[in-house]
Amino acid sequence: MKINSTVVLTLILLTLMLGAGSVSAFLGFTMGSSALKGVTTPDGRPATKFASSKTNNAQQVGISLLKEDEILKGVQSRIQGNTSASKAKKLDEDEDETKTKKPEVQETPQEVTEEKLQPGFPVVAESEGVTLSVQSARYSGGDLLLKVKMQNQGADSVRFLYSFLDVTDDKGRTLSAITEGLPAELPTKGPTFTGTISIPTALLDDVSKISLALTDYPAQKLKLQVSDIPVEK
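Counting from 0, one number per residue, gives the positions in the sequence shown under numbering that gives the first Met the number 0.
None of these hints come from the bench; they were simulated from the model. Where is the CB? At the ideal position from N, CA and C, for every residue including glycine. Don't take each hint at face value.
Within a straight-line C-alpha distance of at most 30 Å, the following computed DSBU-like cross-link-like pairs (lysine-lysine) qualify [claimed, not checked]:
#1 K170 with K188
#2 K72 with K170
#3 K232 with K146
#4 K220 with K208
#5 K170 with K220
#6 K36 with K148
#7 K222 with K146
#8 K188 with K220
#9 K188 with K232
#10 K146 with K188
#11 K220 with K148
#12 K208 with K170
#13 K72 with K148
#14 K148 with K170
#15 K170 with K222
#16 K146 with K72
#17 K146 with K170
#18 K222 with K232
#19 K220 with K146
#20 K222 with K188
#21 K208 with K232
#22 K232 with K148
FRET-style restraints, in silico, Cβ to Cβ [said to hold, decoys possible]:
#23 T178 with P217: 27 to 33 Å
#24 R137 with K188: 56 to 62 Å
#25 G140 with S226: 24 to 30 Å
#26 A34 with L10: 35 to 41 Å
#27 G119 with E179: 21 to 27 Å
#28 R137 with A218: 29 to 35 Å
#29 A183 with P118: 31 to 37 Å
Use the sequences and the hints to build the structure in full.
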């Protein structure tokens, strides 16, 4: 039989291709096996892997893990220690500052000063155990201010209505006046009451002395007459 050269060439090419493929497959398997040496199958449980990893790392580095309770106790003890130290330091500073700034107190006897009376004062009137005295006279803010004291040493309490207070000058003219602080009733054997009688200065241009007249209300059993009160400016 006559062999066709084309068929022969085709068989040769197929044989070469099969040989080359086999060689390539062998080389690939060999190289892959050598590359995968030491590679293990990964653990499918992440928690186990992480726990084992932490344990290995701790053992390799030599670190001991502390419990959370121990950490909290240590932090609290340090805070308490710092707080106690700061309080003690503050107390020491305050004590030093107090010692430094504490003034020396010198006890001085209290002097009892008596009221200095003006010339011609007091002017006193008494009736049925009731006393009315004018202690002083001074000008202030457009008014004449008379300082008055009243006391009842009688057997009965006495009531007053100060709208019945008569104020006259040395020429017999009636003057308007306002009372402040005087009691509406004087109790028997009671304390001394102090008040003020104010008179406008416009009414006192040519006046040197004034008089006061007061009676109880409504009985009108007593009459307090204080005359010749000096009011010259």
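To see whether the hints hold, each was checked on the structure:
Annotation: proposed proximity of K170 to K188 is violated, straight-line Cα distance about 37 Å (limit 30 Å). For the proposed pair K72 and K170, the alpha carbon gap of about 98 Å is over 30 Å, so the pair is violated. Of the pairs offered as hints, the one joining K232 and K146 holds, with about 16 Å between alpha carbons and a cut-off of 30 Å not exceeded. The suggested pairing of K220 with K208 holds, with an alpha-carbon distance near 27 Å, which does not exceed 30 Å.
Of the supplied pair hints, the one linking K170 and K220 holds, its CA atoms being roughly 27 Å apart against a limit of 30 Å. Note on K36 and K148: the hinted pairing is violated, with a Cα-Cα distance of about 124 Å set against a maximum of 30 Å. Distance restraint check for K222 and K146: the Cα-Cα separation of roughly 19 Å lies within the 30 Å cut-off, and the hinted pair is therefore satisfied. The hinted pair formed by K188 and K220 meets the criterion: a straight-line CA distance of about 18 Å does not exceed 30 Å.
Restraint check for K188 and K232: the C-alpha separation of about 37 Å exceeds 30 Å, so the hint is violated. Taken as a hint, the K146 and K188 pair is honoured in the structure, with Cα atoms around 22 Å apart against an allowance of 30 Å. A C-alpha spacing of about 20 Å is found between K220 and K148, which places the hinted pair at or below 30 Å, so the restraint holds. Restraint check for K208 and K170: the C-alpha separation of about 9 Å stays at or below 30 Å, so the hint holds.
For the proposed pair K72 and K148, the alpha carbon gap of about 77 Å is over 30 Å, so the pair is violated. Simply put, K148 and K170 have alpha-carbon atoms about 26 Å apart, close enough for the 30 Å limit, and the pair holds. Taking the CA atoms of K170 and K222, the gap is about 21 Å. The hint holds against a cut of 30 Å. Restraint check for K146 and K72: the C-alpha separation of about 77 Å exceeds 30 Å, so the hint is violated.
The straight-line distance between the Cα atoms of K146 and K170 is roughly 23 Å, inside the 30 Å bound, and the hint therefore holds. Of the supplied pair hints, the one linking K222 and K232 holds, its CA atoms being roughly 29 Å apart against a limit of 30 Å. Restraint check for K220 and K146: the C-alpha separation of about 25 Å stays at or below 30 Å, so the hint holds. At roughly 19 Å between alpha-carbon atoms, K222 and K188 fall within 30 Å of each other, so this suggested pair holds.
Straight-line distance between C-alpha atoms of K208 and K232 comes to about 11 Å, which keeps the hinted pair within the 30 Å bound. Simply put, K232 and K148 have alpha-carbon atoms about 22 Å apart, close enough for the 30 Å limit, and the pair holds. A beta carbon spacing of about 18 Å between T178 and P217 contradicts the range 27 to 33 Å that was offered as a hint. Between R137 and K188 the beta carbon distance is about 31 Å. The supplied range of 56 to 62 Å is therefore violated.
Restraint check, G140 to S226: a C-beta distance of roughly 26 Å satisfies the suggested window 24 to 30 Å. Taking the beta carbon of each, A34 and L10 are about 36 Å apart, inside 35 to 41 Å as hinted. Taken as a hint, the range 21 to 27 Å holds for the pair G119 and E179, whose Cβ atoms sit roughly 23 Å apart. Range check, R137 to A218: about 34 Å between beta-carbon atoms, so the 29 to 35 Å window is met.
For A183 and P118, the Cβ-Cβ distance of about 32 Å falls inside the hinted range of 31 to 37 Å, so the restraint holds.
Taken one by one, the earlier hints fail for this structure at numbers 1, 2, 6, 9, 13, 16, 23, 24, listed in ascending order.
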